[in-house]
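Working from the sequences, and respecting the hints, build out all of it.
Protein sequences appear in the order of chains E, F, H, X and V. Taking our numbering, the leading residue of the first sequence gets 460, the next gets one more, and so forth. Taking our numbering, the leading residue of the second sequence gets 386, the next gets one more, and so forth. Taking our numbering, the leading residue of the third sequence gets 2, the next gets one more, and so forth. Taking our numbering, the leading residue of the fourth sequence gets 4, the next gets one more, and so forth. Taking our numbering, the leading residue of the fifth sequence gets 50, the next gets one more, and so forth.
By construction, these hints were calculated from the structure, which means they are not laboratory data. Any given hint might turn out to be false.
Unchecked claim - Simulated DEER-style distance windows between Cβ atoms:
1) Ala-202(V) x Val-1079(E): 23 to 29 Å
2) Glu-203(V) x Gln-1036(E): 49 to 55 Å
3) Glu-148(V) x Thr-423(F): 56 to 62 Å
4) Val-1061(E) x Pro-757(F): 52 to 58 Å
5) Leu-517(V) x Asp-915(E): 55 to 61 Å
6) Pro-952(E) x Phe-95(V): 38 to 44 Å
As the list claims (entries may be wrong) - Which stretches of chain E does chain F cover? Using the computed rule of at least three CB atoms under 8 Å from a CB of chain F, they are:
7) 1086-1097
8) 1106-1113
As the list claims (entries may be wrong) - Far from chain X, by Cβ distances over 12 Å, these chain E residues were calculated:
9) Ser-488
10) Leu-515
11) Phe-665
12) Ala-666
13) Lys-955
14) Phe-967
15) Asp-985
16) Asn-1048
17) Arg-1062
18) Arg-1069
19) Glu-1076
20) Gly-1082
21) Phe-1116
22) Gly-1117
23) Gly-1120
24) Leu-1123
Glycine residues also receive a C-beta, built at the ideal position from the N, C-alpha and C atoms.
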Amino acid sequence: MSATSWAWLVLLFPLLGSITIALGFRRTSWRFAGIVGTGAIALAFVCGIAALITLLGESPDARHHTSALWEYASVASLQIKLGIYVDPLSVFMILVVSGVSTLIHLYSFGYMQSDEGYHRFFSYLNFFVFSMLLLVLAGNFVLLIVGWAFVGFASYALISFWYRRTTATRAGIKAFVINVVGDIGLVLAAFLIFQQLGTFEYTEVFAKAPQVFHTNEWTVTAICLLLLVGAFAKSAQLPLHTWLPDAMEGPTPVSSLIHAATMVTAGVYLIARTHVLFVLAPTAADIAAFGGLATLLVAATIALVMTDLKRAIAYSTMSQIGYMIVGVSIGAYSAGLFHLMTHAFFKALLFMAAGSIIAAMANEQNIDKMSGFGKAMRFTSVTMLCGGLALAAFPFTAGFFSKDEILAYASARGGMYLIFTILGYFGALLTAIYTFRLIFRVLGGKPCAEAQELIDTGHGAHAEAPFNPATGETEDTDIGFPGAVHHFAEGSPPMKVAMGILAFLALFAGFIQVPGVDETITHFLDPVFADSPLAAIHPTTSASWFGLLIGGLISVAGVGIAYLLYVARPDTPRRLQERFAAVHTFLYNKWYFDEAIDILVVRPALAVGRFADNVFERIVIDGAITGGTEETVGRAGVIVRTFQNGIVRTYGLFLVFGAVGLALYFLIQQS
Amino acid sequence: MAGAGFNAPHVDYAATAPVIALTVGLVVILISGVSGPTRRWAPGLAVLTLGATAGLLLWHWNDRIDLIAGALRVDDLAIAISLIAIATAFTTILLSIRERAADEAGRGEYYALLIGSVLGMVLLSEAENLVTFFVAIETLSIPLYILCATNLRREGSLESGLKYLIVGSLGSATLLYGMAFIYGGTGSTDFAGIAHGIEAHGMLHDPLILIGIALALVGLAFKTSIAPFHQWTPDVYQGAPTPITSFMAVATKAAAFAVFLRFFVVALGPETGDWQMGLAILAAISIVVGNVGALGQDSLKRLLGYSGVAQAGYMLGGIVVATEKGAGSLVFYLAIYLFMNLAAFAVVVARERETPFGDDIRGVRGLGAERPALAWPLTISMLALAGLPATAGFIGKLYLIEALVEGDYLWLAIFIVGGTMISLAYYLRVVAAMWMRPETEVGGATPAIAGASPEADPVDPDAGRRWYLVAPAVLAAGITVFLGVIPQPLVDFATHAGASLF
Amino acid sequence: MNIDWYIVLSALLFTIGAIGILVRRSPMVILLCLELMLNAGNLALVAFSREVGNGQGQVFALVVMVIAACEVVVGLGLIVAIFRRRLPLDVDDLRELRG
Amino acid sequence: MEAVLFFIAAIGATVGAIGVVAARNPFYSVLALIAHLFSLAVLFLLLTSAFVAAAQVVVYAGAVMVLYVFVVAYVGSAQEPRWDPVPGQRLFAGLLAFFLFVEISAAVLSSGLRALGTHGPDVPAGFGDPAAIGTLLLEKFLVPFEATSVLLLIAAVGAIVLAARRRESINRERPLGEGVASR
Amino acid sequence: MINALLWVPLAFGVVGLFLPRRAVGWWATAGAAVTLAIGVIMAFGFENGAAGLQDTVDTTWISGLGVNYSLGIDGLNLFLVLLTAVLWTGGIAFAAFRERDRPRLFFFLMLAAETGTLGSFLSQDLLLFVLFFDLMLVPFYFLFGAWGIDRTAEGGPTAARATLKMMIYTLIGSLLMLVGAIATAIVSAHGGHLTFSIEAIQHQGVPVGSQRWIFWFFAAAFLVKMPAFLVHGWMPDTYRAAPLSTLVVFSGVLAKVGAYGFLRIVLPLFPQATTQFQTVILLLALGSILYGSVMAFTQTNLRLIAGYSSVAQLGFITIGIFALRADGSDGAVLQMVNHGLVVAAIFIIIGILVERSGTEDLRSMGGMAMRAPVFAALFLIVALATLAMPGSANFVGEFYILNGLFESKIVFAFIAISAVAMSAYYALRLYIGTMHNRRPDGILSREIGLRDGIVLAPLVLCILGLALYPQLILHRADPSVQQSVSAATGSEGGTVVTTEGKAPELQVIR
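Next comes the structure, spelled out in structure tokens:
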């Protein structure tokens, strides 16, 4: 079987899974849904492997194939096929996506067990995976947009999965609308591409682009910037990031799958996929890079002060994606994608751990209320530690190799790109600090009430009445609200398995891409980026190791600082907080991005709406146009009826008047 | 030469037969009216007369005969119009059954006058000579003056009679004066002679003729109730006994328009360039006046009166263009106008006999549920008058507008369209009253004629089931729809009639 | 005497009659004024008939006389009927129909 | 000579007309009209139309006016108040009538018709005498002639319908004055 | 065949007048279904890739006036006809499940309206088109007026008043169109034989000077019908007054007749004028899009949200047509069908919601998804289609439209596309506001009944089907679309102008 047919299967299984679960929600048990869901994704993963194998069986430069099912919408010179494009890049993405998804499904199997919307959850989850795979496999821009929008929808559906929570629905609609803005960017980019190149097919576009455009021509720059709108919206980069923290309203597996491991990295994939265009538009590429850098730092700073466990991790996700964006924009393609992979592992893991703890806390997410879970939940805390280390790029963990490779490349490219190296390392420091801030405060310290109960009784705490952690309003446990029982790793084998595997990967996945030793990813992806001049730049092995050394030191330092602040002298943070109150509030309010957008976009729009409704519609449409006419006609009627006064002599008068008038007309009209 | 044996003119009795039939009928009915027992036959005799006349007229279809030294001309136009008049008269007779006015006036006299008026109309539509024209128009009007007043108990009836008489005579005096000038300018009273005289005496664009045209136009405009000579229309329509109103609304208009057309196209043909625009302006005025006047009228008869003014404006367009198509469209419109109006008036008669509201719009409230057999005809006639498709009204408008646009009078066509839009407001208001929840603003003070005055009390509680009221309504409505779907026959008929002038 | 004198005279009479109809309120007088107008017409007809030299105008005038008579008869009849109904013999007061 | 007669007659006619309009008592109006009609008859004679003149005197000044007098006597001749309830009625009436007069005269005077400025063509003897009129009436204008007879009949019927004694139904409500023989 | 398609509904309606009150609803549904069946059969008989008319009828109707009874099917109207048949079946079925007074009359009018609408889609004679264009309105006048809802309580007009407003508004347009049509025929005849056949007129050509004003007469009619920005004054009152089951077909189909008219008549017959006034119309359409969207997310009455969103959608369709490119118009045709299906589904859903909640106000609704997962799912699909979710046929439609606009008038495209974001907002607002969030007391969340299910589900299936294979429509529509668009664009200084000399220009005032 050819790689493409495997790829089609990859798409098929999740879709089938989703539909089956959806249709069978009345007749089948929750267990069935879980198994089918997980199984479907696992099958997809297997097919992915198969595709990989078939691909490896071919010569490196022949490793790209297209295949189309049917003419989707092809008339009037537009050619839109239902077609996919298989090459190392897409296969790489398939594997990451389906792989991580499988594990997260496994986790959810346990975690969501007592939720009333179990079928819905798995159906959505499978549908998401299908969409994500469609996104990475799409063979033309239109289908890319389709996948792009589908994941957007899936993310919306899962964010507002507990749809009776107003907070959840609001977060959902926010995420969706911002993503639509991204879609619009893509659509416009597609139009522009079609206008310039007359096609939507990847292969043709990438083939024609170098001939048609010369470097930094405004058209190609415009195309790239429009693509970036899409990429930034999806990957939660400044200034389109505000939806991501709110997205944490969704169930934890969702955060871990969509808002950590897979969907949010779509932007990275997009830039990598269209690197041909970005190479032609260096300006746009730099803009992207700086955008990434800004996000990286801003998010890191915010993560330092977040007290909401999941939101903190979410911000760290933003900042990590910042790294990837930087990577793929400046030309460190394989490095960026490598970081994408490792980040998928450890960030998913972190969320799972967090989810496990939050479950133990009966949905409480505020870390100020947490402490001492180290003793209470051994497994969870161990895995969380692994994730933390990887995130903090602790030497020889996955994050260690991947992050530093990007920075190494930046320094290798030199020039102004050194900025990225330097600030990147600074970001790394912050990362280490906030990561371990979380770990120390949640795992360390003397057990809080819940943790204590866990230690004593062995099963999790139950809030007397379920409530919404965001607003505190009480809830029932029926459909549309979280389930009655909270499951956490210690109590549920499937979750354990998933977290275990990920922990392993978080620690050791780095070794497949050790500078100078084995650069598996790079070699595998080379054929894709062969055409990019930037791909030629390679940091020397020694330089890379030097970079790794610095990175290692920085991360250790960061961990040290965190230890100092949160374990050794627990009261320093407060003092710092009081000393730099202004800074703290500024960071704590997330740099006031939400407020800014609210003032700049939302309120004006509503104001216009209100104006249109209350003023324009009333006065112009009903008043002037409709009413005005009625008025005039009515007036005329009144006049006519006044002269119809019933006095016959008046009628006579008018008759004579008419006669005079007519006579006059007839006499003068000839002369 | 004085007293020298004069040679009697050749009289083609075959062609004059219809007129003779009417005259004879008139006399017979009068006689029948004298004695009690025979009085009951009067309506029957009237119908008989009309039938005979119609038959005799149809017999001459496609002829073009000049009668009695060019006093009359029997051609398709004349026949078509006469038939319309006769049909109207026939329906009027049906509607007059059990009408108080008929008894007040005495059956014989009532129907005799009706026939007399019809005689006037037939003469008028055939008139080809100023004298005949004038005599005919008076023969048409004077019986109507009387008939309007025949409901002697109702003040309104008398009032309408007097008003009609005064303004009418004023109109005909003006008409006469205009005729005098035209005669003076051309030295002839025959239409043909006038046309010839205008050119022979080089009177083209001569003030004398023009003033004549102007004054004659006033008279004709009055009879066809064109604004600003329309003001008698609503009052008289409302005051007169409803059957008579229906007769006036349709037959008078038809006959007057016929002679209007003949006079302007045949006699004043040479002057066409002079009067076209003038007529067009009049048409526009009466379209506007009629339509806005009808807004918010609660009395249905009054409403129909105003709408009649507006419709007259539309029809005048057919004369304005002075083309075959124009004439055809005019005849067509007159023909369908007959059906559209009769349907409405039959319903009005029924309702004012069975409800205490008289002809007030409240009389038709909820008619759709109560008396579908009446509601449908009224609805159809309203929709047709508004010119909505699948009714004859649409075809009529189409025909007119086509004629106008072909005759380069597009702006008048647009006036017609504009008028139609306004007209929807009041036509549909009637429809709404029948089928929909009562509008809030209808009702309030009861008009003087309706409810309040004792004589408006229901005289016949189930008039809405009388065959002689329901049948005409349903039939007329049916024909309206039929002609809306299969207009071809009537179109041919009208085109024919129109063509006979040229 | 030239014809146009007659015509102008008839015009004068015609307008006087018109004024009469417009300013008088007694239906009887209004009828008389109608007579005036019709007679003005007659004068014009006769004058024109003299001017064109054929008798048609005169015949027309005769016919008009008869018609005038008819109108008078009907008019008077109406007046009597109105009088019988004890309605005011003033056209201004007969204004039940209006609007 | 002719001119003198014309002017006398013209003035008579005009004065008569004005009298009709001006007199506040219908009875005087009738008398004024009669005067007017006589002077018109004179004018007709001047226009060599003897028969019309005769008819004028007989039909109008005779029959019709008698009828008028009867009716006036019957309904009583109420004095008409001076003021006009309808505002501006008199003003407009005067103005319009004046305009009308001006227009007509202007038309007449500016007409290109030669004959207007003359006495008219020389006409054969017997122009407008009964014989000539009769011939015309029976040859050319047969139809109008017959029609007018019908019209007279109709008018008579009308008069009956309107003025004749009602059936008791109404009489009870309203006692009648003397019935009028309006034939 | 085509005659059957046209007259079957009316025939059923007339017979229905004489059936017992119980049965008439089902009889009517059957009638609509039969029509649908005929339509489907014709669609199968349709020869793909052919531009010309198929399966035509052409007989003289009024010889004196040059009016012919001529019908025909081509890529432009095939799917609109099907849409009509589908929606009427749905709407009537939906109505048949509900009690109402005077059912015979109701269903008679519904079916009469179907005939009228089909007629305006099928007729190939200018005058016949105008006739049906007006005719289809009359039944709705009665339907809205007699079975409508009085809003006097909330300070609105009575049903009768609202529907009168609609009549006058829409007839203003169509009466002007009548004049326009006649003028077109006369000037294009150049004094020769008068004909209203669209093809013939297109062949003879309309003199440019006359095109300029005739264009506006037609535009007026179509824009009001849509309704477009500034002339939409009748829409809110009407939509609030109308019974929902009639609104399903009204907003689903009648609005499309306007857009269809542009493609069928204006572009081919008045090419120069079209190119000349392109920008003006585009501006108006843009107005509709933005204004409609903005209004849609401020309204709280469900009907009005749907109503204004259709204003916006029709705006999209219009700009698609007036991009004057094949792809734009292809998209427009596709979008007409899509929007028809979607908005019909929306109104059915609103109907169900209102029954469940007893209110039409978004603010007092919520949480209805809880016990109605299937209903929620159907609604969700419809909502996503409404906001032109990529992967839906609506997206393809908008994509084609906007691409066309992008190619011809790039600035307009940038402005227009912003409305997509707004549509996302108001569509979801509608969905979430009703189905999600906490459930106020007194609002029951019940699963959709089988009876409504069999009405709604097929529509949703159609939506999904088209989403998978929009090519189905595009492919068949394209040849005809190419034809009418090329008529408009290919003619700058082209064939038609040559007739100018021959024809006397017709001025409004001579």
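Results of checking the hints against the structure:
At roughly 26 Å, the beta-carbon separation of Ala-202(V) and Val-1079(E) lies within the given 23 to 29 Å, and the hint holds. The hint said 49 to 55 Å for the Cβ distance between Glu-203(V) and Gln-1036(E), and at roughly 54 Å that hint holds. For the pair Glu-148(V) and Thr-423(F), the supplied restraint of 56 to 62 Å holds, since their beta-carbon distance comes to about 60 Å. At roughly 57 Å, the beta carbons of Val-1061(E) and Pro-757(F) sit within the given window of 52 to 58 Å.
Range check, Leu-517(V) to Asp-915(E): about 57 Å between beta-carbon atoms, so the 55 to 61 Å window is met. For the pair Pro-952(E) and Phe-95(V), the beta carbons lie near 60 Å from each other, so the given range of 38 to 44 Å is not met. Only residues whose C-beta sits within less than 8 Å of a C-beta in chain F count toward coverage, and the stretch 1086-1097 of chain E has 4 of them, enough to reach three; the restraint holds. With 5 residues having a beta carbon nearer than 8 Å to a beta carbon of chain F, the stretch 1106-1113 of chain E meets the requirement of three or more and the stated coverage holds.
The Cβ of Ser-488(E) sits about 95 Å from the closest Cβ of chain X, beyond the 12 Å cut-off, so the non-interface label holds. The beta carbon of Leu-515(E) sits about 108 Å from the closest Cβ of chain X, which is more than 12 Å, so the claim that it is off the interface holds. Its beta-carbon lying about 89 Å from the closest one in chain X, Phe-665(E) satisfies the requirement of being farther than 12 Å from that chain. Residue placement check: Ala-666(E) keeps its beta carbon more than 12 Å from all beta carbons of chain X (closest about 89 Å).
At roughly 105 Å from the closest C-beta of chain X, the C-beta of Lys-955(E) stays outside 12 Å, upholding its exclusion from the interface. The non-interface label for Phe-967(E) is consistent with chain X: the shortest C-beta to C-beta separation is roughly 110 Å, beyond 12 Å. Residue placement check: Asp-985(E) keeps its beta carbon more than 12 Å from all beta carbons of chain X (closest about 104 Å). Annotated as non-interface, Asn-1048(E) keeps its C-beta farther than 12 Å from every C-beta of chain X; the closest such distance is 78 Å.
Look at Arg-1062(E): its CB is around 61 Å from the nearest CB on chain X, clear of 12 Å, so calling it non-interface holds up. No Cβ of chain X approaches the Cβ of Arg-1069(E) within 12 Å, the least distance being about 52 Å, so the stated non-interface status holds. The claim that Glu-1076(E) lies off the interface holds: its Cβ sits roughly 45 Å from the closest Cβ of chain X, which is beyond the 12 Å cut-off. With a cut of 12 Å on Cβ distances, Gly-1082(E) stays outside the contact zone with chain X, its closest approach being about 36 Å.
With 12 Å as the threshold on Cβ separation, the claim that Phe-1116(E) sits away from chain X is violated: the shortest Cβ distance comes to roughly 6 Å. A beta-carbon of chain X is positioned within 12 Å of the beta-carbon of Gly-1117(E); the least distance is around 10 Å. A beta-carbon of chain X is positioned within 12 Å of the beta-carbon of Gly-1120(E); the least distance is around 9 Å. Not every Cβ of chain X is farther than 12 Å from the Cβ of Leu-1123(E); the closest lies at roughly 6 Å, contradicting the non-interface assignment.
Consistency note: the structure conflicts with the earlier hints numbered 6, 21, 22, 23, 24.
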